Amino acid sequence: MLGKVKSFIFGFFACLLITGTSAYAMEPTMTGIYLRKITYMFDGIEKKPPQGSEGFIYQGSIYVPLRFVSESLNKDIEWDDTKSTVWIGKSNADDYFSHQIPTRVEGDLKFEIGVANIGGTKYSHRGYKVSFPEKGNQGMLQFNLAGQYSKFDGFVGIDDYTKNSTALGTLKIIGDNRELLSFMNLKGGDQPKRFEVDLSGVSTLQILYTKDTGSDLTIDIADAILHHK
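Under mature numbering (1 follows the signal peptide of the UniProt record, and there is no 0), the letters of the sequence shown match residues -25 to -1, 1 to 204, in that order.
A portion of the hints provided could be inaccurate.
Said to hold, decoys possible - In silico DSS-like cross-links for lysine-lysine, where the CA-CA straight-line distance does not exceed 27 Å: (1) LYS147 x LYS97; (2) LYS147 x LYS110; (3) LYS97 x LYS50; (4) LYS50 x LYS110; (5) LYS168 x LYS147; (6) LYS147 x LYS50; (7) LYS168 x LYS138; (8) LYS138 x LYS23; (9) LYS138 x LYS97; (10) LYS85 x LYS110; (11) LYS50 x LYS23.
As the list claims (entries may be wrong) - Computed spacing ranges between beta-carbons, pair by pair: (12) THR60 x TYR136: 34 to 40 Å; (13) LYS23 x LYS110: 34 to 40 Å; (14) GLN117 x HIS203: 17 to 23 Å; (15) PHE158 x LYS97: 17 to 23 Å; (16) LYS110 x LYS50: 37 to 43 Å; (17) LYS204 x LEU156: 29 to 35 Å; (18) HIS203 x ARG11: 38 to 44 Å.
In case anyone wonders, no lab produced these hints; they're calculated from the structure. Since the structure is predicted, the reported quantities are computational estimates derived from the model, not experimental observations. Built from N, CA and C at the ideal position, the CB exists for glycine as well.
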């Protein structure tokens, strides 16, 4: 019997333990594991785990699949078998994009590094905030990466500071003069858009920004990470 319990729990080896007690009248399985429908709420929003990974209660504690929790919180998760370590979010091998300093700045834009708020969502890590005055409508930030990164990911959107602007924004990610990804018609108040681009072999990264009308507009890149090879 004990072997069955160990086998079941091992199947959830990448699980998050949430300490708590259960006051419900539940019938346990033969292994002492309580199986019941569990609702998961993240910041007031219900998220459902994949079929077969619904979680369970064992000895008064709730076990939740770790990947489901991390992805629901918009965090990457990686398993380092050599160090028996689970990385959630940023690892030591990665760099926040907000730590990068542009090697070239062109156009009418003004940029700052600060807390990003997009569509009512506040991002814990600082982001690049690019602002255009009424008369400005395009600009570019350039970064020298020296080919040391494999991936670039994060969120893009219009900062809530200019959420009522009538202008629409465009953002393009260029690697070594090749367009990797573009976002068109970015509008204030819309939900942030997640992005992920392959940077393998890219030496020079350029972010191109434009807006279409004479209203102020701030475009954010938030919680962005440059992943080392």
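Each hint, compared with the structure:
1. LYS147 x LYS97: Given pair LYS147, LYS97 holds - Cα atoms ~23 Å apart, limit 27 Å.
2. LYS147 x LYS110: holds, 21 Å
3. LYS97 x LYS50: The hint holds at about 15 Å.
4. LYS50 x LYS110: With a Cα-Cα distance of about 38 Å, the restraint between LYS50 and LYS110 is violated, given a limit of 27 Å.
5. LYS168 x LYS147: holds, 13 Å
6. LYS147 x LYS50: holds, 24 Å
7. LYS168 x LYS138: holds, 15 Å
8. LYS138 x LYS23: violated, 30 Å
9. LYS138 x LYS97: holds, 14 Å
10. LYS85 x LYS110: Judged against 27 Å, a Cα distance of about 12 Å means the pair holds.
11. LYS50 x LYS23: holds, 16 Å
12. THR60 x TYR136: 34 to 40 Å: holds, 39 Å
13. LYS23 x LYS110: 34 to 40 Å: violated, 48 Å
14. GLN117 x HIS203: 17 to 23 Å: Holds: the Cβ-Cβ distance is about 20 Å, inside 17 to 23 Å.
15. PHE158 x LYS97: 17 to 23 Å: holds, 20 Å
16. LYS110 x LYS50: 37 to 43 Å: holds, 40 Å
17. LYS204 x LEU156: 29 to 35 Å: violated, 20 Å
18. HIS203 x ARG11: 38 to 44 Å: 42 Å Cβ-Cβ, so the 38 to 44 Å window holds.
Checked against the numbered hints given earlier, the structure breaks hints 4, 8, 13, 17 and satisfies all the rest.
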